[in-house]
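Asks: Sequence:
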Amino acid sequence: MLFVVDAMKGRNGVGAYFQDLVAHLDGKVARAELVCPSLEEPHPCQGVSMPIPGDPTQRLFFPKMRELTALVWEMKPHVIVIPGPGIFSLGAYWVARKLGIPVCVTFQTDYDRLVQLYWGPRLAKLAGGLLNWLNRTLFRGSSAVATICESMIADARAAGARHPQLVGTPLGPEFVNRAPAPLAEPLDSVLYVGRLAAEKNLERFLAMAEQRPDCRFTVAGDGPLRPLVEEHARRLPNLHFLGWCSRERVVEQLDAHQVLVLPSSVEAFGTVALEALARQRLVITTPVCGINQWPALARVLAVARPDESLADTLARLRALTPAARRERAEAGRRAALAMNQDAVDGWLQVLHGCARQGAVLPKPRRSPTVAVLRRLSTHQARPGL
Numbered sequence: 001m002l003f004v005v006d007a008m009k010g011r012n013g014v015g016a017y018f019q020d021l022v023a024h025l026d027g028k029v030a031r032a033e034l035v036c037p038s039l040e041e042p043h044p045c046q047g048v049s050m051p052i053p054g055d056p057t058q059r060l061f062f063p064k065m066r067e068l069t070a071l072v073w074e075m076k077p078h079v080i081v082i083p084g085p086g087i088f089s090l091g092a093y094w095v096a097r098k099l100g101i102p103v104c105v106t107f108q109t110d111y112d113r114l115v116q117l118y119w120g121p122r123l124a125k126l127a128g129g130l131l132n133w134l135n136r137t138l139f140r141g142s143s144a145v146a147t148i149c150e151s152m153i154a155d156a157r158a159a160g161a162r163h164p165q166l167v168g169t170p171l172g173p174e175f176v177n178r179a180p181a182p183l184a185e186p187l188d189s190v191l192y193v194g195r196l197a198a199e200k201n202l203e204r205f206l207a208m209a210e211q212r213p214d215c216r217f218t219v220a221g222d223g224p225l226r227p228l229v230e231e232h233a234r235r236l237p238n239l240h241f242l243g244w245c246s247r248e249r250v251v252e253q254l255d256a257h258q259v260l261v262l263p264s265s266v267e268a269f270g271t272v273a274l275e276a277l278a279r280q281r282l283v284i285t286t287p288v289c290g291i292n293q294w295p296a297l298a299r300v301l302a303v304a305r306p307d308e309s310l311a312d313t314l315a316r317l318r319a320l321t322p323a324a325r326r327e328r329a330e331a332g333r334r335a336a337l338a339m340n341q342d343a344v345d346g347w348l349q350v351l352h353g354c355a356r357q358g359a360v361l362p363k364p365r366r367s368p369t370v371a372v373l374r375r376l377s378t379h380q381a382r383p384g385l
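One point on numbering: in the UniProt record's numbering, the residue at position 144 of the sequence shown is 144, and numbering is uninterrupted.
The reader is advised that the hints may include incorrect statements.
List of simulated lysine-lysine pairs, DSSO-like, C-alpha gap at most 27 Å [what the hints assert, rightly or not]:
1. 28 <-> 76
2. 98 <-> 76
3. 125 <-> 363
4. 76 <-> 363
Simulated from the structure, these hints should not be mistaken for lab results. Values in this document were obtained by computation on a predicted structure and should not be read as measured data.
Let's have the full structure, built from the sequences with the hints guiding it.
Replies: Okay, here's the thing in structure tokens:
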């Protein structure tokens with residue numbers, strides 16, 4: 001199985017999702033490979049990059065098509081998985097179509113809401129139309145479509161997917177295998193982990209820090225709203241800013257706090273909330289978060305009501321007895337671990353079903369372009385490839 005992802009490894013929810021999934025598939029399939037850009041360990045298929053306009057903390061990477069083509073040719077995967085219309089994904093889709101390999105497309109980003117949030121009405125309409133066209137093209141040419149919450153199944157169907165399948169979200173081994181620290185008392189430390197971007201609605205988290213000077217608040221992440229967070233951290237003695245953190249440090253910070261808050265205005269799922277549950281921590285989400293749509297997880301989340309501030313939601317948790325809070329945190333870990341196992345099992349079913357579609361795909365025609373890319377690739381000089 002080959003996964004080709006545009007998101008930087010370990011830098012956002014999509015990148016972490018496939019990094020964790022591939023780790024779980026090791027030993028369950030003959031071979032699982034992840035192709036994605038990385039700042040720390042550049043992938044051989046990773047080419048030049050440029051800053052994303054409006055967000056210098058993120059970069060747009062271009063694939064080395066000759067390397068990607070040679071990898072696919074050498075590996076001959078039964079399925080190629082791509083998460084929507086990125087440059088890496090489109091390149092992998094093209095190679096898969098040329099070589100007659102089944103494609104599974106995931107739909108796990110609300111593109112319409114994001115473009116409306118970042119761009120004006122005219123540009124949002126243009127960009128949204130382009131993204132919807134690309135999604136329809138990918139869906140029609142794919143053998144399977146998977147998504148991560150119930151509401152996105154309807155969105156995927158509206159975008160042209162014929163039979164979208166619901167899959168869960170896996171967890172990284174560092175969140176699962178290490179025993180969690182007990183939930184401390186009193187309830188007075190609150191954490192945010194994620195991108196510092198408009199869709200994360202950080203203003204609500206920062207307002208909570210102002211309203212609750214008796215609690216300690218921490219922000220871990222990076223993004224275009226970093227100056228806003230730094231300004232509040234200078235002004236508020238109870239607010240600490242860590243910048244971007246490795247996943248190992250995220251585990252440490254979750255264990256050092258009692259509550260994680262996900263204040264997003266757009267959030268297809270919210271992987272960090274699942275990670276916090278796995279670390280036996282209390283979690284506050286907003287109503288838009290896709291994680292709320294999973295009943296077993298919703299029962300252990302504190303979902304902010306439409307008429308209350310996040311500080312009021314925190315007050316509801318503080319009003320519980322210590323025993324009730326510990327019971328909720330322990331139930332949250334059990335639910336997160338169950339989701340992790342269900343996600344891996346669900347993905348194995350999706351991948352096996354997609355692989356079987358290879359027998360009914362049209363036989364590929366010889367492609368001069370693919371042949372040239374293979375000859376240009378440095379894979380040809382590598383022993384064993």
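Asks: All hints are to be evaluated individually against the structure, with a verdict given for each.
Replies: Each hint, compared with the structure:
1. Note on residue 28 and residue 76: the hinted pairing holds, with a Cα-Cα distance of about 18 Å set against a maximum of 27 Å.
2. For the hint pairing residue 98 with residue 76, the CA-to-CA distance comes to about 12 Å; that is within 27 Å, so the pair holds.
3. This hinted pair does not check out: residue 125 and residue 363 have alpha carbons roughly 38 Å apart, beyond 27 Å.
4. For the proposed pair residue 76 and residue 363, the alpha carbon gap of about 14 Å is at most 27 Å, so the pair holds.
In terms of the numbered hints stated before, the structure departs from hint 3 and from no other.
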